[in-house]
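Those protein sequence lines, which keep their order, are chains A and B.
When we follow the numbering used here, the leftmost residue of the first sequence carries the number 1, and every step to the right adds one.
When we follow the numbering used here, the leftmost residue of the second sequence carries the number 1, and every step to the right adds one.
Worth flagging that the hints you see were computed from the coordinates, not collected in a lab.
Quick reminder that beta carbons are idealized off the backbone N, C-alpha and C, glycines included.
Take these hints with a grain of salt, some might be off.
To be verified - Under the rule of at most 20 Å between Cα atoms (straight-line distance), these lysine to aspartate or glutamate pairs were calculated in the EDC-like manner: (1) B:K99 x A:E87; (2) A:K41 x B:D8; (3) B:K99 x A:D105; (4) A:K14 x A:D27; (5) A:K41 x B:E88; (6) B:K58 x A:E63; (7) A:K64 x A:D105; (8) A:K55 x B:D97; (9) B:K49 x A:D105; (10) A:K41 x B:D85; (11) B:K58 x B:E88; (12) B:K99 x A:E52.
Stated by the list, open to error - Here are the in silico distance ranges between beta carbons for each label pair: (13) A:T82 x B:S30: 18 to 26 Å; (14) A:F39 x B:D8: 13 to 21 Å; (15) A:K20 x B:K58: 36 to 44 Å; (16) A:L118 x B:N68: 46 to 54 Å; (17) B:A1 x A:L68: 22 to 30 Å; (18) A:S18 x B:Q71: 26 to 34 Å; (19) A:F91 x B:Q10: 16 to 24 Å; (20) B:D95 x A:L68: 26 to 34 Å; (21) A:L68 x B:P12: 23 to 31 Å; (22) A:R114 x B:E20: 26 to 34 Å; (23) A:A72 x B:L56: 38 to 46 Å; (24) B:Q71 x A:L118: 45 to 53 Å.
Unchecked claim - A short, non-exhaustive set of chain B residues, derived as facing chain A with CB atoms under 10 Å: (25) Q6; (26) F34; (27) Y36; (28) N41; (29) Q42; (30) T72; (31) D97.
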Amino acid sequence: GAVVSQHPSRVICKSGTSVKIECRSLDFQATTMFWYRQFPKQSLMLMATSNEGSKATYEQGVEKDKFLINHASLTLSTLTVTSAHPEDSSFYICSASVAGGPNTDTQYFGPGTRLTVL
Amino acid sequence: AQSVTQLDSQVPVFEEAPVELRCNYSSSVSVYLFWYVQYPNQGLQLLLKYLSGSTLVKGINGFEAEFNKSQTSFHLRKPSVHISDTAEYFCAVSDRDYKLSFGAGTTVTVRA
Chain A
1 GAVVSQHPSR VICKSGTSVK IECRSLDFQA TTMFWYRQFP KQSLMLMATS NEGSKATYEQ
61 GVEKDKFLIN HASLTLSTLT VTSAHPEDSS FYICSASVAG GPNTDTQYFG PGTRLTVL
Chain B
1 AQSVTQLDSQ VPVFEEAPVE LRCNYSSSVS VYLFWYVQYP NQGLQLLLKY LSGSTLVKGI
61 NGFEAEFNKS QTSFHLRKPS VHISDTAEYF CAVSDRDYKL SFGAGTTVTV RA
């Protein structure tokens, strides 16, 4: 149980284009989803927190107009990297959690999406 | 704000030997502590967590960790590792809003 998928697993795009990454909770309803970014040999950095049906909350230093997050349903959140540039190349990871219940403190992670911007 | 320091970036260990991964945190409020494992090409999986109560926490796959408030540490241990324990291990801390701050990770390589 508590499986989170991401699509695509890898994407290569040209500079200036936009890329959408999907995060789905497959067997539970996620009231909250988180988006992280991981650079090589570094830790995961939280980018934003999204709650179903409301606007995402972005961490300091994360450009909300560049990283568009939509959490339209309890099982799907999307991250769109707009006008991508080579410096946006990274590993993007989502996680999902359920409010209330015994595991409200636990985040379930997706396998990540490797974005390469040429 | 909270932060996490994992003191070892790489830990090579022989099969069936014990392993300890060190984690120290800093926070101005009460925290929740987690250890996650990331196997190659997979997402992070929760190994164990400390929320309150007993300071010795047991997790999956034979791992355990001890919360030490005075030393602000949450070290992870396993008495006997297997080849399959080769992975990246992340220590994380959150406060009551459940937003996680991760350490840089420790790569464990188990050799026969």
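Here is how each hint holds up against the structure:
| no. | hint | verdict |
| --- | --- | --- |
| 1 | B:K99 x A:E87 | violated (25 Å) |
| 2 | A:K41 x B:D8 | holds (13 Å) |
| 3 | B:K99 x A:D105 | holds (9 Å) |
| 4 | A:K14 x A:D27 | violated (34 Å) |
| 5 | A:K41 x B:E88 | holds (10 Å) |
| 6 | B:K58 x A:E63 | violated (39 Å) |
| 7 | A:K64 x A:D105 | violated (26 Å) |
| 8 | A:K55 x B:D97 | holds (17 Å) |
| 9 | B:K49 x A:D105 | holds (9 Å) |
| 10 | A:K41 x B:D85 | holds (19 Å) |
| 11 | B:K58 x B:E88 | holds (19 Å) |
| 12 | B:K99 x A:E52 | holds (16 Å) |
| 13 | A:T82 x B:S30: 18 to 26 Å | violated (38 Å) |
| 14 | A:F39 x B:D8: 13 to 21 Å | holds (19 Å) |
| 15 | A:K20 x B:K58: 36 to 44 Å | holds (40 Å) |
| 16 | A:L118 x B:N68: 46 to 54 Å | holds (48 Å) |
| 17 | B:A1 x A:L68: 22 to 30 Å | holds (26 Å) |
| 18 | A:S18 x B:Q71: 26 to 34 Å | violated (47 Å) |
| 19 | A:F91 x B:Q10: 16 to 24 Å | holds (19 Å) |
| 20 | B:D95 x A:L68: 26 to 34 Å | holds (27 Å) |
| 21 | A:L68 x B:P12: 23 to 31 Å | violated (42 Å) |
| 22 | A:R114 x B:E20: 26 to 34 Å | holds (31 Å) |
| 23 | A:A72 x B:L56: 38 to 46 Å | holds (42 Å) |
| 24 | B:Q71 x A:L118: 45 to 53 Å | holds (47 Å) |
| 25 | Q6 | holds (8 Å) |
| 26 | F34 | holds (8 Å) |
| 27 | Y36 | holds (7 Å) |
| 28 | N41 | holds (7 Å) |
| 29 | Q42 | holds (6 Å) |
| 30 | T72 | violated (18 Å) |
| 31 | D97 | holds (8 Å) |
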